[in-house]
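Take a look at the letters that make up each chain.
Number of protein chains: 4
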Amino acid sequence: MGKTRLEAFSDGVIAIIITIMVLELKVPHGVILEALLPLGPVLLSYVLSFVYVGIYWNNHHHLLHAVQGVGGGVLWANLHLLFWLSLIPFVTGWMGENHFATVPVAAYGFILFMSSIAYILLVRCLTRHQRENRALAEAIGSDGKGRLSTVLYAAGIALALVHPWLGFAVYIGVALLWFIPDRRIEKRLA
Amino acid sequence: MGKTRLEAFSDGVIAIIITIMVLELKVPHGVILEALLPLGPVLLSYVLSFVYVGIYWNNHHHLLHAVQGVGGGVLWANLHLLFWLSLIPFVTGWMGENHFATVPVAAYGFILFMSSIAYILLVRCLTRHQRENRALAEAIGSDGKGRLSTVLYAAGIALALVHPWLGFAVYIGVALLWFIPDRRIEKRLA
Amino acid sequence: MGKTRLEAFSDGVIAIIITIMVLELKVPHGVILEALLPLGPVLLSYVLSFVYVGIYWNNHHHLLHAVQGVGGGVLWANLHLLFWLSLIPFVTGWMGENHFATVPVAAYGFILFMSSIAYILLVRCLTRHQRENRALAEAIGSDGKGRLSTVLYAAGIALALVHPWLGFAVYIGVALLWFIPDRRIEKRLA
Amino acid sequence: MGKTRLEAFSDGVIAIIITIMVLELKVPHGVILEALLPLGPVLLSYVLSFVYVGIYWNNHHHLLHAVQGVGGGVLWANLHLLFWLSLIPFVTGWMGENHFATVPVAAYGFILFMSSIAYILLVRCLTRHQRENRALAEAIGSDGKGRLSTVLYAAGIALALVHPWLGFAVYIGVALLWFIPDRRIEKRLA
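Chains as they are written, first to last, in UniProt numbering: chain A, 1 to 190; chain B, 1 to 190; chain C, 1 to 190; chain D, 1 to 190.
The hints are simulated quantities; they were obtained by calculation from the structure and are not laboratory data. Cβ coordinates follow ideal geometry from the N, Cα and C atoms, glycine included. A hint or two may mislead.
[Stated by the list, open to error] Listed next, the stretches of chain B that the computed footprint assigns to chain A, with coverage defined by at least 3 CB atoms under 8 angstroms from CB atoms of chain A: (1) 8-18; (2) 31-40; (3) 52-58; (4) 81-87.
[As the list claims (entries may be wrong)] A short list of chain D residues far from chain A (calculated; beta carbon distances all over 10 angstroms): (5) 5; (6) 29; (7) 31; (8) 39; (9) 101; (10) 123; (11) 125; (12) 163; (13) 166.
Generate coordinates for the entire structure from the input sequences, incorporating the hints supplied.
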């Protein structure tokens, strides 16, 4: 089965996720610059989530670029990933509107944690399921970066319980780690 | 006429339906974990609807994959299906926010019932209308699974009036029945 | 220049327009069937608008299907059409929530009127601008149906001022007129 | 790497941005024509933003049309542009709902200013990074129009602080300047 519609559908869902987050930025009633100040944390969490959804789109783009065909299992593994990503606007709003309180920051990390596991499952589904994706399997290798991120998200949640900014710092760190799209795939399949 | 734009438009509408449902998950005011508790039923109904819309997208994907061309009637049969699917976010919110009360659960079943009828009509429109889709017609056969679902949704509505959780259990059952994409089509046209 | 991205962008915008209208269907607080009664007019106006946006998508689909290339003017004529279509959710909500009061029904007709003019301008832009679309120009002919609709919308607005249901009846009539996609194009270019 | 998915994703995000702005047009409670009067400024700012997002889509369309392949850096430069565009609905609502008060008009100009810088960065990323885009680099030339716009936005922000309508007039002026898609690229690569 072709992958075109899978890509189109994923692009659509991710495009909506990345865009509806901005609806959390409620238009302020004041007309002076100070009216924007309470929006600071909301904007900050929006920026981080925009980068994260962008990272997922970039990696998803690279991943499926390297794939030749998709089976039924992949459709569900992909939907599973989209499900966790679809919860990012919710935790983004919760974290931002509560000025990075402990529990919302930990909840934000939990969604990142589940998304990273869903991504790892999608990669596995693509590599295991099909012989024609052997090139991808070799290119991905042991997927150390993906596993490291999952562990770091878990650490971020734990650190958020100590102090929310510690957890937030970890999330920024992982984002920087992924900022550059997966060169492993790019290099081997270029 | 080509089917590319029909697929693209359907992908767009289904992607929006599956994503705007998350807007019903209103950001809670509290910052403790208990603040999420009232969201439990909303999240539960969101998960079920996410799976259902995912099932429809998967089956729609498989169905149109097997089709070679579409006529004017198909465009309307497809829009008719999208209409009922577009009401899923509404009944999802109604059911979740009212903690699975009797009438909302029955209303949820009604939308699933109408969507399944719309899907059957779309399949008929595709198989009857065009000679080139004979392969599809043979692959679908008597479409027992589709008809069974429609009957089960009706039973679910009736059971919901006895006790809402009975209806809800039926909806989950049908979802599990459809979880695996339509292997009949996949097998014959692979 | 290719028309693929113009189609993709238009599909995206129209898919969002047709779907966000459902957000006007606010989840009711009651859990009895009567709680849905106040939603009756909103649902009725939603159905009509869903059909109208569907008609525009179908005709847009047929129109661009018959086109080989698009120039800069077409991009703007297309955006102009999308602008008026984007106001349909607004007048749909206004008309439905006010139980088909005079002014909202007339305003609804005004948006349909402007959309039909925008569609005529798009058709002209496509036929005049480019030699390669001569087949389209011949197929469209004098575009009597488009002009008739524009006149009928104007009549509908006037009749709405006498009694809103008269205007509403005219809008339904025009929708029925367009229900079948443009067979003129389909026949000649099939 | 292909550019198809980059175009599809950008089309999706821009389509959502241009459409969700209409959600700021809240359905009025009154049913007389005067009930629409307070919406005047909101509608005016909506029209300007619709034109601006349309301009960006048109130019983006032309720009990527002239490109053969995209690298990792382009994905991020593109996301950076989409980020600033995604804030347009927010400043549109703020400016319109406050009847073009000084600070919101200046903030609107700031988002246009940042978007124009993001667009220049995207153009640079496309021209510098890849040898195959030499045709594009030559076609763009020194990109005087892009730089002029950036300067004019800055001037508009300053003038808005003197009187908001002066700034608004500048934004309209720049929109008119860009109304016609980039003929430089169209001419050379036609």
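Each hint, compared with the structure:
1. Given a C-beta distance limit of less than 8 angstroms, the hint that chain A covers the region 8-18 of chain B holds, as 7 residues qualify and 3 suffice.
2. With a cut-off of 8 angstroms between beta carbons, the region 31-40 of chain B has 5 residues touching chain A; three or more are needed, and the interface restraint holds.
3. Only residues whose C-beta sits within less than 8 angstroms of a C-beta in chain A count toward coverage, and the region 52-58 of chain B has 3 of them, enough to reach three; the restraint holds.
4. Residues of the region 81-87 of chain B lying with their CB closer than 8 angstroms to a CB of chain A number 0, which falls below the three-residue condition for coverage.
5. For residue 5 of chain D, the shortest C-beta to C-beta distance to chain A comes to about 5 angstroms, within the 10 angstroms cut-off, and the non-interface label is violated.
6. Once the 10 angstroms rule is applied to beta carbons, residue 29 of chain D is consistent with being away from chain A; the minimum gap is 19 angstroms.
7. Remark: the non-interface label on residue 31 of chain D is consistent with the geometry, its nearest Cβ contact in chain A lying 25 angstroms away (cut-off 10 angstroms).
8. A cut-off of 10 angstroms between C-beta atoms confirms that residue 39 of chain D is not in contact with chain A; the least separation is 14 angstroms.
9. Its beta-carbon lying about 4 angstroms from the closest one in chain A, residue 101 of chain D breaks the requirement of being farther than 10 angstroms from that chain.
10. Listed as a non-interface residue, residue 123 of chain D keeps its Cβ farther than 10 angstroms from every Cβ of chain A; the least gap is roughly 19 angstroms.
11. No beta-carbon of chain A comes within 10 angstroms of the beta-carbon of residue 125 of chain D; the shortest separation is about 14 angstroms.
12. Its beta-carbon lying about 14 angstroms from the closest one in chain A, residue 163 of chain D satisfies the requirement of being farther than 10 angstroms from that chain.
13. No beta-carbon of chain A is positioned within 10 angstroms of the beta-carbon of residue 166 of chain D; the least distance is around 17 angstroms.
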